[in-house]
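Line by line, the protein sequences are chains A and B.
First residue of the first sequence: 1, per this note's numbering; consecutive thereafter.
First residue of the second sequence: 1001, per this note's numbering; consecutive thereafter.
Errors might be hidden in some of the hints.
To be verified - Taking beta-carbon pairs under 8 Å as the criterion, some of the chain A residues facing chain B (in silico):
hint : residue
1    : Leu5
2    : Glu7
3    : Ser19
4    : Leu23
5    : Gly24
6    : Ser84
7    : Leu88
8    : Leu95
9    : Ala97
10   : Ala98
11   : Leu184
12   : Gly187
13   : Thr210
14   : Ser213
Keep in mind the hints are simulated off the structure, nothing from the lab.
By construction, the Cβ of each residue, glycine as well, lies at the ideal position given by its N, Cα and C atoms.
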Amino acid sequence: MRLSLNEIEVTVRKAALGSGLPLGLAEDAGAAAAWLAARGFPVAELIGAALGTPAAESRMQRSGGMIRFLSEEGACSVLRVGPSACDLALASQALGAATAVEAVMDVPVLAVAQAVLASAGSGVPLTIATGGRPAVEVVEGAPTFLLEPSALAALRAERVRIAAAEAPGRHPPQSFRAEQEAALGEGVPVDPDRWRSIQGLADRMLVPATAHSHERGAGAGLIDSD
Amino acid sequence: MTTQRVPDPGGAALRVPLRPPEQVMRLERMGSFFPTRLSFMPTLVRQICAEGWRFDRPEVALDENGWGHAVYRVDCGSRRYSLIAFSQALEPERRTDRVIAEAWDASFVLFDGTPTAEDIARLSTAVPNQEAARYRPTELVLSRANKSVRFFEHMVERLASGRQPDPSLLGGVGYLMRTTAVYGNGKFGIADRARIADRPELAGPFRAEMLTIYLIRCFTLDLVEHVARHRGGSRFAPLDRGFKRYLGIGNATGLGMAPFLASHPILIHNWMLARETALARSRSAPVADQGRRARFHALLERAIRHIGEWRVEDARQSQRIAVLRGELDTLRQRLGRGSLERDSEMPWDRLYRLAEREWSVEMQELMVSLLIELHPERVDDLSATMASHAETCFAPGMRLAELRALLHDRYRWAFTLDLEDPEQRRLFWYTSEEKLEPRLGDRFQEPGAEREMPLAVAVDAQALARALATASDTESVAEFLLRRPEFRSIVRRVQTVGRHPYAEIYDNLVAARCLPIDLLRCKLSFFGASKFDPKSDRWTRITLYQGAPLPDELDRPGASDWCFPSLDP
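Same shape as in the complex, but just chain A (with noise of 0.2 Å):
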């Protein structure tokens, strides 16, 4: 099965939205999705895995120049923390106190597409490690990977800390020219089965008719034949 990158945007919205997440999280979680798949991560999966989470709640926790996110139940949903913890690092530059933000969160690479579409246009570079490693360095929106991209996107519950960089860029960034060629030239590949569960989920902000909305929701009640 092959989704169209607006399709999936679109879809993981809503699904996002259906699971319970505010409209402002749910958009970040279609743009996120939406910037993995066409770069060739296997976004099914990872959305899969990130709306499949039960909502833990979280709590914040300030030492220092360091925020760190924690939830009872193990990992935080990065669908819900992660676009915090890049507000929190690009504001904190931009404020002049330099904070680094950190959770173990659910689907790690998620976090880095949050990263890398917060820092586009904020001037801010950023850096995102992973269990204690630097795993990613963005500036204005583009990503230099440090760890492989598949490796980042199979791991789960994991540490990760994102903070406003210093000097980042030492190295090329990351095109993933021939992964966005493939996505709008042939399509997103996705499994159908996991792709229906995420449907599932956008599905449940749709509204059924009834006898009123078919005769006035749309307005319209003609048969056209004049």
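Got chain A; can you put chain B on it based on the hints?
Quick look at chain B alone, frame taken from chain A:
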């Protein structure tokens, strides 16, 4: 809010400011827009003419009833695109313009390149099923259309017997087929917009869709002659060229299109900013020389004939058209008395201000289109500014004091609404399970409001203001959203509107008195649609490419001058 002053093409500051968003971005005004020369269809036609695109029809496989398929190809120089049109028999009871239809007289796909026989075979089983099938990225746009049955048959009967159609019928309908949907950007597996966005020939907004509709028009004109030729044999007469040029493509548009304006804020800002900048540049022209005055008189006469042929059944629009005709007549009388000649200083600004002072909103917006049309050298460069690659802006480092000030400045209109009044919240927009299309429901009478689409912007803005009221001025947006993630989307929207003032509609889209038809007309005017024919407050018929040059006329001088078409040009 301060109005914007922008430079004219020469770089000098304009003498007339842009109309402010508070004036422009109101539903009543947006629902009075007419197409301008910056609209996407005239822009495409100008590009086709300027670059000498070539059209041919490499394959026609239609039987005597016009059923089968045909391929229309356009060569843009660097690339080719092909419209594959499929035509089939359709029982009258299955013919409906509503999106819930499952079969159509004709279906279309714009193909990237020249299709092979295998492509056509594959698409012949998919395209007639439209949304029920899956497509590949070689397919760029998907569409379908129904015949205007009585008019199509009238036309066939007349041409088959060597006669021309009844002009009054031709003027009343104006098209042979109506499209009921035009899908692009990744729907059902077709190409993402990103695949074609960097191609110069398809770089403008909805450019591939506009090209598709132009080619569909070519197909409908050929189809009616094809059927008539088979029926009439030696008695057949081809359709008069003037009549042929007058025929456009109909379209039935409903709620599916309406949320677009709210969900693409930066794109809408770019469209509006280009239009308002074009108006300000036109109003700023210091003098009106004799040639320009003569051109204005000619355009005005065209507009008068065009509006004279605009007939609808809808009571509200009929009344507006009647008023507009009277105002056009008054304008003609005043110009006849030489008022334009006497206004030596910034005459076009005076004319616009006269409209704003004395005439209806519909007349004011018609004046906008006339003035923009009058100054191609001052406005045409703006068409290149109307696309957008970004959807929103977001600044997590912004202090809440700044966010609060921005909210209260840009959303002042929202704070004037009494949202305790149920009528201000009565509607909710949702996606229907049945057809996956936007619909409008009554929040207090129908189920599903908890799944509403995010178009209750005024409600969200007021809720954000309440939350910000108890937050610290020095807190950052990032910290605030960590505590209150439910406001992430509206914060992003407020910040986006802060940088893009025409990005927001300054009206409540969930109020009982909201008329979605106004949203539709605004968007369709940017496409270049004319003859708005509302069928309810939620859907409208329109005409596309009426008066546009035919493919074999595109290299003629003046071919791209086709605004305000009429049957008797």
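Consistency of the hints with the structure:
no.: 1; hint: Leu5; verdict: holds (5 Å)
no.: 2; hint: Glu7; verdict: holds (5 Å)
no.: 3; hint: Ser19; verdict: violated (13 Å)
no.: 4; hint: Leu23; verdict: holds (4 Å)
no.: 5; hint: Gly24; verdict: holds (2 Å)
no.: 6; hint: Ser84; verdict: holds (5 Å)
no.: 7; hint: Leu88; verdict: holds (5 Å)
no.: 8; hint: Leu95; verdict: holds (6 Å)
no.: 9; hint: Ala97; verdict: violated (10 Å)
no.: 10; hint: Ala98; verdict: violated (12 Å)
no.: 11; hint: Leu184; verdict: holds (4 Å)
no.: 12; hint: Gly187; verdict: holds (6 Å)
no.: 13; hint: Thr210; verdict: holds (6 Å)
no.: 14; hint: Ser213; verdict: holds (6 Å)
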